[in-house]
Every structure is written in C-alpha cells, then in structure tokens.
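Residues per chain are reported as follows:
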Amino acid sequence: MTANQADVRRYRPRTSVFWWVHRRSYLLFVLRELSCVFVAWFVVYLVLLVAAAHRGSDSYQQFLEWSSRPWMVVLNLVALAFVVLHAITWFTLAPKAMVVRLQGRPLPARMVAGGHFAAWAVASAVVAWIVLGGW
Amino acid sequence: MAKRSSSEAVAWLLFSAGGVVSALLAPILLLLFGVIFPLGVLAPPEHAHMEAVLRHPLTQVVLLGLCVLSLLHWAHRFRYALHEGLQLKRLRAPINLLCYGGAIAGSLWAAVVVFG
Amino acid sequence: MPDTITLQVTRYRPDADGPPTLQEYVVPLREEWAVLDGLNYIKDQLDGTLSFRWSCRMGICGSCGMTVNGDPALTCGTFLTDYAPGPVRVEPLANFPVIRDLVVEIDDFMRKLPEVKPWLVREDGEALDDVEFLQTPAEMDEYKQYSMCINCMLCYAACPVYGLEPDFLGPAAIALAQRYNLDSRDQGAHQRLDVLATAEGIWACTYVGECTTACPKGVDPAGAIQRYKLTAATRTLRSFLMPWRAR
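In order, the protein sequences belong to chains A, B and C. Mapping of the first sequence onto the numbering used here: position 135 corresponds to residue 135, and the numbering continues sequentially without gaps. If you want the numbering used here, it's the 1-based position in the second sequence plus 1000. If you want the numbering used here, it's the 1-based position in the third sequence plus 2000.
Derived by calculation from the structure, the hints in this document are not laboratory data. Note that beta-carbon positions come from the ideal geometry of N, C-alpha and C, so glycine has one too. It is possible that part of the hints are untrue.
To be verified - So the derived list for chain B, only partly shown, Cβ under 8 angstroms to chain C, looks like this:
id, residue
1, 1004
2, 1005
3, 1010
4, 1012
5, 1013
6, 1047
7, 1079
8, 1084
9, 1087
10, 1115
Unchecked claim - No more than 20 angstroms apart at the CA atoms, straight line, and that leaves these computed lysine to any residue pairs for SDA-like:
id, chain 1, residue 1, chain 2, residue 2
11, C, 2117, C, 2103
12, B, 1003, C, 2191
13, C, 2144, A, 99
14, B, 1089, A, 34
15, C, 2144, A, 108
16, B, 1089, A, 107
17, C, 2144, A, 107
18, C, 2144, A, 16
19, B, 1089, C, 2207
20, C, 2117, C, 2129
21, B, 1003, C, 2199
22, B, 1003, C, 2111
23, B, 1089, C, 2144
24, C, 2117, B, 1004
25, B, 1003, C, 2043
26, B, 1003, C, 2166
Claimed, not checked - The calculated label-pair distances, taken between Cβ atoms and stated as ranges, are:
id, chain 1, residue 1, chain 2, residue 2, range
27, B, 1104, A, 10, 41 to 47 angstroms
28, C, 2115, B, 1042, 56 to 62 angstroms
29, B, 1089, C, 2125, 39 to 45 angstroms
Looking at chain A on its own, in the form it has when it is part of the complex (with noise of 0.2 angstroms):
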C-alpha cells in the first residue's frame, strides 16, 4: 500500500442502535429474540404457580384470583403472543440445523418442521389432557 491510498478518507458508516425498526424481517427477528424475555416470565410465572399449589388450597385459590386481575391477563396475552411466536419460528428454522436422513436420503426441510409441529400438537393435548383432569 502505498503513502497516498493509507492516507484517503474511507467513509465508514455507523448502525445506528434502531437498525432493526427501518426493516420488516429486522423486526420480526428483534421480536423473535425478545421472546426470551416471555419465556423467562412463563418459568416465574409457572413456579409461582407450583408454590402456590404447594403452600395449600387457600394460596392456590388466591393465586387464581391474582391470576385473573385486568393487567395479568393482559400480561399473560401479550406473553403467550411471544411464547407462540418464539414456537413457530423455532420449529421452522429447526430443519435448517438438523439433517434427517431416511435410507440414506436427507428428508425435504417441510417433512422436519411438519414433525416438530406435530410434536408440539401432541406435546400441548398431552398437557390439557393431564391439567383438565384426564389424569
């Protein structure tokens, strides 16, 4: 390199901390990443749950009350919102890591993703069967 290129003026433009508003699939992926933050809520919410279940019959009724106030419902909605979003994106890009081979032949991407959907259909009626009282 000679004196005269090291010395030119590179423009380096800078990400501004909002990269992510100025495009729809920016977006989408900042709202996939942040349903972490959903996820972590379900597991306090969830061990809350079980305390209460375990401190006796009286907490547990106070917790369903709790449970049911306006902003915990909400609060609830707009996290199962996440939980769901960070369902279905997962199991979308899972057949993009995992290569299934049946004989020999890698499985098409569909064929992946349609088993982690249906895993989840029997995951979920497995759980409604066992809280609704099947069990």
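Chains B and C: place on chain A using the hints.
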C-alpha cells in the same frame, strides 16, 4: 485468530434444548393458566388434582427440566440481544454474569419450589 | 411506460469534506436495461466522474453489488422497469467502508476468506494433481448449492451482525467452508473447525436469515451456519468429554 470456544458450544446446546422444551410446553401452559382459567372459559383444576399431578415424580422432573433449560435459553438469547441489539459489547462480562447468574438463581428457586 | 427514470446515486469524494450525498440523474428507461446499464449510461453520457465496479454483466463475477432502494442486489440482475416510475436509489454496499462513490473496500472479506481454507484439503499425502477422486451425484448434491457462491458479498451487506461486529467471519466465508467440509474428497473439516467454532465464527451468528434472502445465487448461508452450529457443538462436546478421541 480466536480460539475454539467450548463454552459457546455448551451454551448453544443448552440454549437449543431450552428452545425446544419451551416451544413445546410454554404456549399450552400459558394458554391454560394465563388466559383460559383466569378468563373463566374453563374451570381451573381442583387443588387436590393439581397437587396429585405436581407431586408426581415424573411431573417434578419434567417441570424442573423445563424451568432450568428455559432459563438457560433466556440467558443465551438475552445476552446476545444486549450485546448486539443495544450495542453494549464493552459490558460483556457483567452482562454474562447477569444472564447466567440469573438463570442459575432462578433454577435453584425452581428446584426448591418444585421439590419443596 | 415513461421513457425515463431518475436514479439517485451516492456520491462520495474522499478528497472533499463531508459525508456522502445523493445526486440525481435522469436515464432512459428501457425494457432490457438493468440498474447497471443506467449507471453505465451516466458514466458514458452524463457524468464521467462517477465511480463503480462492474465486469461481466451476467451475475457471475460478483463485482457489481450495490444497495438498490435499500436492498443489497447485483445491479446487473436488477431491472429498472421493476422500479418504474422511480426514482431508484443506488447506494454502495452496506457494512463496508466506502472508498469513493459506489466503490467499497473489500479487504476485510479478502483477508477472512482464505482463513477457512476454501479448497480441497488432503491429509493422506495424495497430491491432488496425481489422483482422480471419484464422486457420486449424491455426494456432489451434498455441497453443490454452496459452490454456487460468487463472493459478491451481498450477504455481508445484508447481515446486521457483521455491521455491528466487524470481526464476524461472515456468511459467505462460513458457507464456503461448509462447501468443502461436505465434499467427500475433502479431509480438512477438523482444521476448519478451529477457525469456525469461535466467538467470531459461527457463535456470533444469531440467525437473522437475511444473508439467504439477499443471495443472488440461491446459496443458503444462514442454513449452512445453523447446520454447522450443531456439527461444531457435538464435536466440541465430544472432544470435551472424551479428550483422548479428539483430533
């Protein structure tokens, strides 16, 4: 050139495991206990039934696994979001401490509650 | 169809002060004209001082990548009529330092690419020139899509991680590493692991997926990285748990 990172590999595997279990179980549990029961669409389970389910060893293991892996999933994604989304790369060490410290503390709390 | 279209082109003079500005040019709008033809019309007929790179005009050389209306694109394969009535904004590739007008500095990519050894590595001592390596069509299908990469760097321009973390090895370099990792004739996968499975390698990627959207040749770098994460994680774990078996 940077060195091969086994900690990143382990963090990613735990993040992925947490991603799978939370995607499988979080939506239905939040739907039932966060929306359907609170809104009165369906009657919530009786306390006796809840206790019978929650005291079953298999439920306890699944619940603890769900909690621990989901928190590790959160820790991994959240630290990337802070590093990159907010461009806080210089605060890498405290952010990692916050995320994984939080995940470990939350896991201990979950273990005490679930088996308590 | 109107018979002209306005191009808003980035001008940057390193010797003058100030950040880049947009300059408008009116060029003929023709059915068969790509954005690159519009730029060449400007260069030949309107303003000879405009600088940009181009060569083959057929999507093979990978040198005419620019940002067209906000999207990274090969200007030779992006047609003006798709943007009628215009105007069309033509800017340099994002995430790269700008040398002049639409010309960016690609040294960073040129330095990173050979680090992943994007060639056939043989460890059994057989010289590549002396032996014929046979390969079945199924074995070729394993890596074929990655071999379509033309190093145009659109994926780097589309990747926000690269924009924020210039040390990131980046989509094309990792996809090309996978092109050789998945080649049945190659024996260099574990050498590349040391370069790829690092904080600046695959672990920097958060799967935005825009590299795959931007690729003009149908390569799926995001998928290559994601797949390699699983490979690298299991291999790293194995050498972690069973160090005596690690290579």
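How the hints compare with the structure:
The criterion of a C-beta within 8 angstroms of any C-beta in chain C is met by residue 1004(B), whose closest approach is roughly 5 angstroms, and the hint holds. Because the smallest distance between the Cβ of residue 1005(B) and any Cβ of chain C comes to about 5 angstroms, under 8 angstroms, the interface hint for this residue holds. Restraint check, residue 1010(B) versus chain C: the minimum CB separation of about 7 angstroms is within 8 angstroms; hint holds. Satisfaction of the interface hint for residue 1012(B) is found here, the shortest Cβ-Cβ separation to chain C being roughly 5 angstroms, below the 8 angstroms cut-off.
The interface hint given for residue 1013(B) holds, since its Cβ lies 5 angstroms from the closest Cβ of chain C, which is under the 8 angstroms cut-off. Restraint check, residue 1047(B) versus chain C: the minimum CB separation of about 43 angstroms is more than 8 angstroms; hint violated. For the restraint placing residue 1079(B) at the interface with chain C, the shortest Cβ-Cβ distance is roughly 11 angstroms, beyond the 8 angstroms limit, so the hint is violated. Against a cut-off of 8 angstroms between C-beta atoms, the interface hint on residue 1084(B) holds, since the closest Cβ of chain C lies about 5 angstroms away.
At a threshold of 8 angstroms, the smallest CB-CB gap from residue 1087(B) to chain C is about 6 angstroms, leaving the interface hint in force. Look at residue 1115(B): its Cβ only gets to about 28 angstroms from chain C, farther than 8 angstroms, so that hint breaks. About 27 angstroms separates the Cα atoms of residue 2117(C) and residue 2103(C), which puts this hinted pair outside 20 angstroms; it is violated. With a C-alpha separation of about 12 angstroms, the suggested pairing of residue 1003(B) with residue 2191(C) holds against the 20 angstroms cut-off.
Pair hint residue 2144(C) plus residue 99(A) holds up; C-alpha atoms about 16 angstroms apart against a cutoff of 20 angstroms. Proposed proximity of residue 1089(B) and residue 34(A) is supported: the alpha carbons are some 18 angstroms apart, at most 20 angstroms. Between residue 2144(C) and residue 108(A) the CA atoms are separated by roughly 16 angstroms; this keeps the pair inside 20 angstroms, and the hint holds. Distance check on the hinted pair: residue 1089(B) and residue 107(A) sit about 39 angstroms apart at the alpha-carbon level, beyond 20 angstroms; violated.
Note on residue 2144(C) and residue 107(A): the hinted pairing holds, with a Cα-Cα distance of about 17 angstroms set against a maximum of 20 angstroms. This hinted pair does not check out: residue 2144(C) and residue 16(A) have alpha carbons roughly 37 angstroms apart, beyond 20 angstroms. Distance hint between residue 1089(B) and residue 2207(C) is fulfilled; the C-alpha atoms sit about 18 angstroms from each other, no more than 20 angstroms. The hinted pair formed by residue 2117(C) and residue 2129(C) meets the criterion: a straight-line CA distance of about 18 angstroms does not exceed 20 angstroms.
With a C-alpha separation of about 8 angstroms, the suggested pair residue 1003(B) and residue 2199(C) falls inside the 20 angstroms cut-off, and the hint holds. Of the pairs offered as hints, the one joining residue 1003(B) and residue 2111(C) holds, with about 18 angstroms between alpha carbons and a cut-off of 20 angstroms not exceeded. Straight-line distance between C-alpha atoms of residue 1089(B) and residue 2144(C) comes to about 37 angstroms, which puts the hinted pair past the 20 angstroms bound. Taking the CA atoms of residue 2117(C) and residue 1004(B), the gap is near 16 angstroms; set against the 20 angstroms cutoff, the hint holds.
Between the alpha carbons of residue 1003(B) and residue 2043(C) the distance comes to roughly 47 angstroms, so the proposed pair goes past 20 angstroms and is violated. Straight-line distance between C-alpha atoms of residue 1003(B) and residue 2166(C) comes to about 17 angstroms, which keeps the hinted pair within the 20 angstroms bound. Here the CB-CB span from residue 1104(B) to residue 10(A) is close to 45 angstroms, well matched to the stated 41 to 47 angstroms. For the pair residue 2115(C) and residue 1042(B), the supplied restraint of 56 to 62 angstroms holds, since their beta-carbon distance comes to about 58 angstroms.
Separation of residue 1089(B) from residue 2125(C) is about 44 angstroms and conforms to the stated range, judged on CB atoms against 39 to 45 angstroms.
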